[in-house]
Every structure is written in C-alpha cells, then in structure tokens.
Amino acid sequence: MTLQTLLLVALALFCIGLYGVLSRRHLVGVLVGLELMLNAASLNLLAFSRAGMGDAVTGQVIVLFIIGLAAAEVALALSIIVALYRRRRSVDIDRLRELRG
Amino acid sequence: MAENVVVLGSAAWVFVALALIGGVLAVTLPNILHAIFSLALSLVGVALLFLALGSPFVAAMQVLIYVGGISVAMVFAVMFAFALREGPAGAARRRRGLAGAAALGVFAALGPVIARASWSPHVTHNDWTVAAVGRALLQHYNVVFEALSVVLLVAIVGAIIVARREPPQ
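Protein sequence lines correspond, in order, to chains A and B.
If you want our numbering, it's the 1-based position in the first sequence plus 94.
If you want our numbering, it's the 1-based position in the second sequence plus 620.
Treat the hints loosely; a few may be bogus.
As the list claims (entries may be wrong) - Which chain A residues face chain B? A few, computed with CB under 8 Å, are given here: (1) LEU97; (2) CYS109; (3) LEU116; (4) HIS120; (5) VAL124; (6) ALA141; (7) ALA145; (8) MET147; (9) GLY148; (10) ALA169.
Just so you know, these hints were derived from the structure itself, not from any lab.
Beta carbons are placed, not taken as given, at the ideal position from N, Cα and C, and that holds for glycine.
Model the full structure from these sequences, guided by the hints.
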C-alpha cells in the first residue's frame with residue numbers, strides 16, 4: 095500500500111466524518127463524526143512519518159497529542175450536552191437555535 | 621512518480637475496510653448507541669492501521685484512550701441522559717443530501733490533488749522504537765507534554781463544573 099493510497103483512505107474517512115457532522119441532528123452523533131475526522135488526520139500524520147516526510151518520532155508524538163486533546167474535547171462536549179439536556183430536555187440541534195443569526 | 625510503499629502485506633486492506641465500514645455505519649445508523657459502537661469498530665480499524673504502519677505504542681494508546689475511554693464515556697452519557705433516537709424526520713432528507721454533497725465535494729476536490737502529487741522522502745535516520753518516542757516526549761516536546769496535562773486537568777474540572785446540578789436556592 096503506497097502513501098497515496100493511505101492518504102486517499104484517510105481522506106475518505108475524513109469525508110465520512112464530515113457527512114456525519116453535517117447530517118446528524120443528535121448532538122452526540124455530531125461528536126461521533128468529529129472523532130472520525132480527527133482519526134483521519136492522525137492517520138495522515140503517521141502515514142507521512144512512515145513514508146519519510148518527517149522523522150519517525152514527530153508523527154507519533156503529534157498523534158499522541160491529538161488523542162489527548164480529543165479526550166479533553168469529548169469530556170467537555172459531553173458535559174455541555176448533559177447540561178443542555180437537563181435544561182431543555184432535548185439534544186436535537188434543530189431546537190437549539192437561540193444564537194442563530 | 622516514486623512508489624512510497626508504507627504498509628506491506630494485504631492484511632492492511634482488511635484494516636482499511638474495518639475503518640471505513642465502521643465509519644459509514646457510525647454516521648448512518650439511526651440509533652445513537654449503535655453509532656457509537658460502530659465508531660469504536662472504526663477506531664479499532666485505525667489502530668490496526670497504526671500497528672501496520674509500525675507504531676505499536678500509538679496503536680495501544682488509540683485502543684486504550686479512544687476505544688476504552690472516549691467511546692465508553694459517550695455510551696455512559698447517552699445511557700444516563702438521552703433519548704436514543706433522533707427526533708421525527710422533518711427536513712432530514714434535504715439535510716442528508718446537502719451533507720452528502722459537501723462531503724463528496726471535499727473528496728472530489730482533494731482526491732485528485734493527492735493522486736497527482738509526488739512526494740520525495742528526505743529523512744534517512746528513522747528510529748521507530750518506543751524508547752525514542754519516550755525520549756522525544758520528555759525532552760524535545762516536554763513543554764507541549766506538560767501543557768497538554770494542564771489542558772486535560774482544566775477540561776476535567778470544567779466538565780465537572782458544567783455538568784453538575786445547580787444547588788437548590
């Protein structure tokens with residue numbers, strides 16, 4: 095499998111995640127799509143590292159940082175969603191439109 | 621164009637299929653709990669690809685933190701709080717169409733660029749051992765490492781403050 099093939103696989107994963115983020119109405123569903131997009135980025139970084147575009151540890155270390163940041167992001171997002179649900183009894187993004195321009 | 625072979629063997633295609641099928645299921649299944657389990661499947665596929673790329677440590681962290689931590693936290697939150705299904709389908713068809721068009725557009729815009737570009741590797745010294753990753757984390761990337769631990773602490777404290785019940789007045 096060449097670098098190009100792996101980049102195309104990661105692009106497909108990214109587009110699947112983008113579709114999820116745009117089409118879901120459940121807030122947790124949006125979060126699921128976001129995780130897929132982050133994983134596609136990680137896959138790209140490690141593929142570049144393996145192909146010799148950067149040195150070996152840089153790709154791995156940045157992927158570890160992405161995983162750590164994703165953990166923080168999910169913890170905060172879930173707590174915000176829980177607080178929203180408690181107040182509004184809904185996690186449907188179509189009902190949360192006070193801030194819409 | 622130089623052929624940059626990064627993964628050997630045909631088993632990698634199984635991992636790719638796992639990641640992509642899990643991803644498609646994760647964004648299409650109507651039950652949000654099933655979607656999270658499909659996300660876990662996709663994450664395992666990506667972890668196996670990391671393994672095939674030669675980085676067992678990152679693959680292990682992916683399984684431990686993503687599959688074991690993030691997915692399980694999502695399942696807990698969903699099962700504690702929410703309705704499992706999305707609301708009645710109103711403008712769902714039109715939204716799905718637009719979302720699919722946007723996703724296909726991004727793929728059509730970036731795919732040919734990736735297929736046509738040619739990269740030439742320039743790094744000759746490559747050390748893929750876990751020891752090298754550990755040294756890089758605690759020496760060259762030490763500031764980022766510490767900052768990330770502070771970010772995690774702040775995020776967890778913030779999550780507790782946001783999600784706790786307000787005390788009765």
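Hints and how they fare:
For the restraint placing A:LEU97 at the interface with chain B, the shortest Cβ-Cβ distance is roughly 4 Å, inside the 8 Å limit, so the hint holds. Hint status for A:CYS109: holds, given a least beta-carbon distance of 4 Å to chain B, under 8 Å. A cut of 8 Å between beta carbons decides the hint on A:LEU116: the least distance to chain B is about 3 Å, and the hint holds. Here the hint on A:HIS120 is kept, as its CB sits about 5 Å from the closest CB of chain B, short of 8 Å.
Taking 8 Å as the C-beta contact cut-off toward chain B, the hint placing A:VAL124 at the interface is violated, the least distance being around 10 Å. Below 8 Å, beta-carbon pairs count as interface contacts, and A:ALA141 has one with chain B at about 6 Å; its hint therefore holds. The restraint placing A:ALA145 at the interface with chain B holds, with a minimum CB-CB distance near 4 Å, inside the 8 Å limit. A cut of 8 Å between beta carbons decides the hint on A:MET147: the least distance to chain B is about 6 Å, and the hint holds.
For the restraint placing A:GLY148 at the interface with chain B, the shortest Cβ-Cβ distance is roughly 6 Å, inside the 8 Å limit, so the hint holds. Residue-level restraint check for A:ALA169 holds (minimum Cβ-Cβ distance to chain B is 5 Å; threshold 8 Å).
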